[in-house]
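J.: Given next are the chains, with one letter for each unit.
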Amino acid sequence: MFEDLKKIFSSSEYLGYYLQGFGNTLIVTFSAALIGLILGFIVALVKIAAEHNKWMKIPAFICNVYTTVFRGTPVALQLFFWCFAVFTIPGFKPYAAILTFGINSGAYISENIRAGISSVDKGQLEAGRAIGLSWTTTMVRIIMPQAVKNIIPAIGNEIIALLKETAIISIVGSTVGTLTFDLNEAAHTISFKTSYIAAFMIAAILYLVVVYIFIIALKLIERRLRKSEKR
Amino acid sequence: MKSANEKNVKEYKAKYLNKRTAPIEPFDPEALLEVQHLSKTYGHLTVLNDINEKIYKGEKIAIIGPSGSGKSTFLRCLNVLEDPTDGYVFFEGFNLCDLKVDINVQRRRMGMVFQSFNLFNNMTILKNITFAPVHVQMQELAKLKRLNLKIKIGNLFKKKDCQVPPIPVETNKKKIKADAEENAYRLLKRIGLEEKANVYPSTLSGGQRQRIAIVRALAMNPKVMLFDEPTSALDPEMVGEVLNLIKELADEGMTMVIVTHEMGFAREIATRVLFMDGGNIMEQGSPEKIFGNPENDRLKDFLSKVL
Amino acid sequence: MKKFLIGMTTAAVVAATALSFTGCSNDTLTVYTEAGFAPFEYVSNGEIVGVDVDIMNKVGEKLGKKVVFENVSFDTIVDAVAAGKLTNVGAAGISVTDDRKAKVDFSTEYYTANLYVIYPASDAATYESTTTDGVTGVYWESMTGKTIGIQGGTTADIFLADELVEGGSLYDTETSKATAAKTTFQSLNVAVSDIGKNTSVVIIDELPAQQLVKGKDNLKCAPLYYKGGEGEDDEIACDTYAIAVTKGQTALLNAINEVLEELGKDGIQQLVNTHLGL
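Those protein sequence lines, which keep their order, are chains G, C and Y. The numbering used here puts the first residue of the first sequence at 1417, with every later residue one more than the last. The numbering used here puts the first residue of the second sequence at 1380, with every later residue one more than the last. The numbering used here puts the first residue of the third sequence at 1030, with every later residue one more than the last.
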């Protein structure tokens, strides 16, 4: 195995593959995370607003269907659906894949956000309304800041899962030079001339490094949010 | 014929459309708060049963009764925190159950104090007290500015003598904030907690939090204060300081409605005591009458257990 | 509770180790294959069938072992056989290449297959040309500027990789860049369904190619040719199949070679025809 490792590290072509794959994985993950956050936020907001505003009942129903369908089906199936059945424009495949991951994450993130908001004591909303503030003001200025403390760890978890999930992007076909050539596929390509263990171990270490940095950033954010709970 | 049809329509509306069927009687302009035919049901459980009551300015109403009698629900219906199934609540002539009335504006003139304090955990004490007044006044300011802008634009199209003068703007953001903070400090000083102005609620004791909650409600200059079992969640040592503050408010002439289990306190400050049981007001009268000379059997039973 | 947990963990560990040795157990022969390669292995009525399946079943009879087929992704087969832990045999229309010979032992070669190109019927003019053999074929050069889909690890992958670098027909020496793009798929069906969308053509062996375009009016396939130099004949791209065996498993290797010799070229062609429905 060590000869294989030496072979990998001495070949600029292989290192180039790893670099490309690493970069592509990060781009796909964070683009999908962004889409997921925005989508999840909107969906969660619609569902929460439906409790207060009866005009939101139909949009809330649509959001429930969205959450159920995209949490209830495998991501691989969703990839095939979006990349081969819906977006068949040539050249759009990597972006369709990013969209798939974004839509899938959005469903999970919306539930995280909704749960975070529900976990805030009902008395906060009552006090805000009893003092004459509107529902929107109470939600935005009083409930949301408190909900964020519970939401951030859950969303952080989801993004870590997303990073690993993007490894299946190669089932729709991976082309060197496009975003579909992720870290997993890079290790795969390199494993043909070397060995599986060496190639994938390096990929695994790279995944671990990203996750570790992300976890540290998450801990810093959580610490800052806990400022108001100091005793 | 016509009246029978009307009755059927009414029944249909009540059963299936959740519309209120009680007749709206003209309200008493003297009364600050008035409830007419107030009912609240959860499915088959009737929590409030056709209550009619008037509360005048300067009155201090104490509501006592066993748990499950509907005391808290009644109080919460007064500012429509609980939506009445039937009946109406009038505050200063405004029908709070009418969807056309802006409930937020009305609630600003009522202060509510909760059993579990409900201070805003993400804000400092000072922010807790000044948030609502500042927010409301800033909204008014923004509205005024928008109106002035409309007037100005309108004036561009009018001749010199037809022009409408813009409304003078008398406050600005800084002044609003400064006034609110000054008021907050004054109130905090009154309860002796001014050094706690910049801490978060989680660092304070229950008694301190409840007093700050009362002060937060006072910062909006309400016409009536509603207290929902204010001392029930406090340690016995802290009950006294909260009750003293409420007594001070009572002596200053604040109209208040208190749901409480503290019979001694009710006897001391109330001008009228209501005894509720099973969703009805069973008996009411002055404290001497209720505590010294109870007529109703349930009331006698209740008092024998609590006193 | 503690005892229960210890018992469960021990049972799980024992079960896992037992399962991991099925490749080497004495009465079962685990064969790794990729069941998307008609007529050599494909799924019919819920079972894996094909030419390779028939050959290995005969080997099982000869050795007195039960044959179990594991359907995995193609590019993991050679490495799995090389490791020898989970399986000792890979029968999946595997072509003999020098890289693979270094990792595993190969049986005698039993089939020569040409590489075919699957392309949209509407683009026939772009790709088809008449070769020196007199047949309609596709030259490597006709795929300049296209996106070529292949199944990872197959000879199509290996041959294409050679064309995309210096010295190959899909490489521009002036810009030092490849003139075509390679998209790697794990499954042929996915690759073919991508034709016309993100992929222009798919390169795969002859018989699977013909099976894949059967019944689809919008796709055609034709053999892949290397253009011959001045005065030389065009050469068809082809490779030979053999069965991969873990190095050192001589008894198994001999049994396989015996079966192949007994079948002979005709026997194999007969099996191919049966599975083609001819």
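Note that these hints are calculated values from the structure, not bench results. Backbone N, C-alpha and C fix where the C-beta goes; we use that ideal spot for every residue, glycine too. Incorrect hints may have been included.
Claimed, not checked - Taking lysine to aspartate or glutamate and the EDC-like style, the derived pairs with C-alpha atoms no more than 20 angstroms apart in a straight line are: (1) C:LYS1531 x C:GLU1519; (2) Y:LYS1130 x G:GLU1542; (3) G:LYS1470 x C:GLU1471; (4) G:LYS1609 x Y:ASP1134; (5) G:LYS1609 x Y:GLU1287; (6) G:LYS1538 x C:GLU1608; (7) G:LYS1470 x C:ASP1462; (8) C:LYS1575 x C:ASP1558; (9) G:LYS1609 x G:GLU1419; (10) C:LYS1506 x G:GLU1542; (11) C:LYS1668 x C:ASP1462; (12) C:LYS1554 x C:ASP1540; (13) C:LYS1568 x C:ASP1630; (14) G:LYS1473 x Y:GLU1287; (15) G:LYS1422 x Y:ASP1134; (16) G:LYS1423 x Y:GLU1287; (17) C:LYS1386 x C:ASP1429; (18) G:LYS1470 x C:ASP1481; (19) Y:LYS1087 x Y:ASP1262; (20) G:LYS1538 x C:ASP1462; (21) G:LYS1538 x C:GLU1461; (22) Y:LYS1132 x G:ASP1420; (23) G:LYS1423 x Y:ASP1127; (24) G:LYS1423 x Y:ASP1134; (25) C:LYS1602 x C:ASP1429.
Claimed, not checked - The following label-pair restraints were derived from C-beta to C-beta distances: (26) G:ILE1458 x Y:GLU1264: 44 to 50 angstroms; (27) C:GLU1385 x G:ILE1458: 43 to 49 angstroms; (28) C:PRO1547 x G:ILE1443: 55 to 61 angstroms.
J.: Take the hints in turn and mark each one as holding or not.
T.: Hints versus structure:
1. At most 20 angstroms may separate the alpha-carbon atoms for a hinted pair to count; LYS1531 (chain C) and GLU1519 (chain C) meet this at roughly 18 angstroms.
2. Pair hint LYS1130 (chain Y) plus GLU1542 (chain G) does not hold up; C-alpha atoms about 75 angstroms apart against a cutoff of 20 angstroms.
3. Taking the CA atoms of LYS1470 (chain G) and GLU1471 (chain C), the gap is about 29 angstroms. The hint is violated against a cut of 20 angstroms.
4. This hinted pair checks out: LYS1609 (chain G) and ASP1134 (chain Y) have alpha carbons roughly 17 angstroms apart, not beyond 20 angstroms.
5. A threshold of 20 angstroms between alpha carbons decides the hint, and for LYS1609 (chain G) with GLU1287 (chain Y) the separation of about 31 angstroms lies outside it, so the pair is violated.
6. Straight-line distance between C-alpha atoms of LYS1538 (chain G) and GLU1608 (chain C) comes to about 17 angstroms, which keeps the hinted pair within the 20 angstroms bound.
7. For the hint pairing LYS1470 (chain G) with ASP1462 (chain C), the CA-to-CA distance comes to about 15 angstroms; that is within 20 angstroms, so the pair holds.
8. With a C-alpha separation of about 19 angstroms, the suggested pair LYS1575 (chain C) and ASP1558 (chain C) falls inside the 20 angstroms cut-off, and the hint holds.
9. With a C-alpha separation of about 12 angstroms, the suggested pairing of LYS1609 (chain G) with GLU1419 (chain G) holds against the 20 angstroms cut-off.
10. Restraint check for LYS1506 (chain C) and GLU1542 (chain G): satisfied, since their Cα atoms lie roughly 18 angstroms apart, inside the 20 angstroms limit.
11. Distance check on the hinted pair: LYS1668 (chain C) and ASP1462 (chain C) sit about 33 angstroms apart at the alpha-carbon level, beyond 20 angstroms; violated.
12. Of the pairs offered as hints, the one joining LYS1554 (chain C) and ASP1540 (chain C) is violated, with about 34 angstroms between alpha carbons and a cut-off of 20 angstroms exceeded.
13. Between the alpha carbons of LYS1568 (chain C) and ASP1630 (chain C) the distance comes to roughly 18 angstroms, so the proposed pair stays at or under 20 angstroms and holds.
14. Restraint check for LYS1473 (chain G) and GLU1287 (chain Y): not satisfied, since their Cα atoms lie roughly 73 angstroms apart, outside the 20 angstroms limit.
15. Taken as a hint, the LYS1422 (chain G) and ASP1134 (chain Y) pair is broken in the structure, with Cα atoms around 25 angstroms apart against an allowance of 20 angstroms.
16. The suggested pairing of LYS1423 (chain G) with GLU1287 (chain Y) is violated, with an alpha-carbon distance near 38 angstroms, which exceeds 20 angstroms.
17. Of the supplied pair hints, the one linking LYS1386 (chain C) and ASP1429 (chain C) holds, its CA atoms being roughly 19 angstroms apart against a limit of 20 angstroms.
18. A C-alpha spacing of about 17 angstroms is found between LYS1470 (chain G) and ASP1481 (chain C), which places the hinted pair at or below 20 angstroms, so the restraint holds.
19. Of the supplied pair hints, the one linking LYS1087 (chain Y) and ASP1262 (chain Y) is violated, its CA atoms being roughly 40 angstroms apart against a limit of 20 angstroms.
20. Note on LYS1538 (chain G) and ASP1462 (chain C): the hinted pairing holds, with a Cα-Cα distance of about 16 angstroms set against a maximum of 20 angstroms.
21. Between LYS1538 (chain G) and GLU1461 (chain C) the CA atoms are separated by roughly 13 angstroms; this keeps the pair inside 20 angstroms, and the hint holds.
22. The suggested pairing of LYS1132 (chain Y) with ASP1420 (chain G) holds, with an alpha-carbon distance near 13 angstroms, which does not exceed 20 angstroms.
23. A hinted pair counts as satisfied when its Cα atoms are at most 20 angstroms apart, and LYS1423 (chain G) with ASP1127 (chain Y) qualifies at roughly 18 angstroms.
24. For the hint pairing LYS1423 (chain G) with ASP1134 (chain Y), the CA-to-CA distance comes to about 23 angstroms; that exceeds 20 angstroms, so the pair is violated.
25. This hinted pair does not check out: LYS1602 (chain C) and ASP1429 (chain C) have alpha carbons roughly 25 angstroms apart, beyond 20 angstroms.
26. With their beta carbons about 59 angstroms apart, ILE1458 (chain G) and GLU1264 (chain Y) fall outside the hinted range of 44 to 50 angstroms.
27. In this structure, GLU1385 (chain C) and ILE1458 (chain G) meet the distance hint of 43 to 49 angstroms, their C-beta atoms being roughly 46 angstroms apart.
28. Checked against the hint of 55 to 61 angstroms, the pair PRO1547 (chain C) and ILE1443 (chain G) passes, with Cβ atoms roughly 57 angstroms apart.
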